[in-house]
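Student: Sequence:
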Amino acid sequence: MKKLIVVSDTHGNKKGLERLEPLVAENDYVLHLGDGAGDMREINAKYPEKAYVCKGNCDYFAVYPDYGVLEIEYLRVLYTHGHNYGVKSNLYTLAREAKKQGCQIALYGHTHTADITELDGVLLINPGSLKRPVGEGGSYAYIVINKDKCTPVLVGESVF
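Quick note on numbering: our numbering labels position 103 of the sequence shown as 103, and the sequence is numbered without any gaps.
Treat each hint with caution, since some may be false.
Stated by the list, open to error - Here are the simulated SDA-like pairs of lysine to any residue, each with C-alpha atoms no more than 20 Å apart in a straight line: (1) LYS99 x GLU73; (2) LYS147 x GLY102; (3) LYS88 x THR111; (4) LYS88 x THR117; (5) LYS50 x LYS147; (6) LYS99 x GLU118.
Stated by the list, open to error - Pairwise CB distance ranges, derived in the manner of DEER restraints: (7) LYS149 x VAL63: 26 to 36 Å; (8) ASP28 x GLU118: 21 to 31 Å; (9) TYR92 x GLU49: 32 to 42 Å; (10) ASN146 x GLY121: 14 to 24 Å; (11) SER89 x LYS46: 31 to 41 Å; (12) ASN90 x ALA25: 32 to 42 Å; (13) GLY86 x GLY121: 11 to 21 Å.
No wet-lab data here; the hints were simulated from the structure. Since this is a predicted model, take the numbers as computed values, not measurements. C-beta atoms are modelled at their ideal positions from N, C-alpha and C, and glycine is treated no differently.
Sequences and hints are given; from them, build the entire structure.
Tutor: Take a look at the structure:
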């Protein structure tokens, strides 16, 4: 069983990430899905074996990749910011890309709206935003992967 903390769109809110640090310490993975990728510098330095970051449309000079794929337990996970897949319009392009990559799960940000959707056999998870959410407060995703089962939970406002 593996546990993940997934954040996105921190846009300079290092305090939100600092408050999550105890969770990062006790979980297996922490992923930042872009737009504030540089906010992860300290966590990357402290936990290089479990920190994964991709760049978003506001990470202009970031050296991070546009996306990545992880194999966790028996599942493949695509992680990306989402702007290259038009996630503000629909999730079909992202679901297609996940399937093309052999992934059962796609993690994305960009919309600042936390969401869990299943589309064409792909579980699409958006943790929302720690900095500029559509609703009140910020949010992140806590995900447990046990063999071929994925249990995502969206957690909001508790980080502020």
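Student: Hints first: check each against the structure and report whether it holds.
Tutor: Cross-check of the supplied hints:
Our distance criterion of 20 Å between C-alpha atoms is met by LYS99 and GLU73, whose separation comes to about 18 Å. The suggested pairing of LYS147 with GLY102 holds, with an alpha-carbon distance near 16 Å, which does not exceed 20 Å. Restraint check for LYS88 and THR111: satisfied, since their Cα atoms lie roughly 6 Å apart, inside the 20 Å limit. Between LYS88 and THR117 the CA atoms are separated by roughly 14 Å; this keeps the pair inside 20 Å, and the hint holds.
Proximity of LYS50 to LYS147 is assessed by CA-CA distance (about 18 Å); at most 20 Å being required, the pair is judged to hold. Taking the CA atoms of LYS99 and GLU118, the gap is about 12 Å. The hint holds against a cut of 20 Å. Restraint check, LYS149 to VAL63: a C-beta distance of roughly 34 Å satisfies the suggested window 26 to 36 Å. The beta-carbon spacing between ASP28 and GLU118, approximately 23 Å, falls within the hinted interval of 21 to 31 Å.
Checked against the given bound of 32 to 42 Å, the beta carbons of TYR92 and GLU49, roughly 34 Å apart, stay inside it. Distance hint check: the CB atoms of ASN146 and GLY121 are about 19 Å apart, consistent with the given range 14 to 24 Å. Range check, SER89 to LYS46: about 37 Å between beta-carbon atoms, so the 31 to 41 Å window is met. Under the hint 32 to 42 Å, the C-beta atoms of ASN90 and ALA25, about 37 Å apart, fit the expected range.
Look at GLY86 against GLY121: about 20 Å separates their beta carbons, and that is inside 11 to 21 Å.
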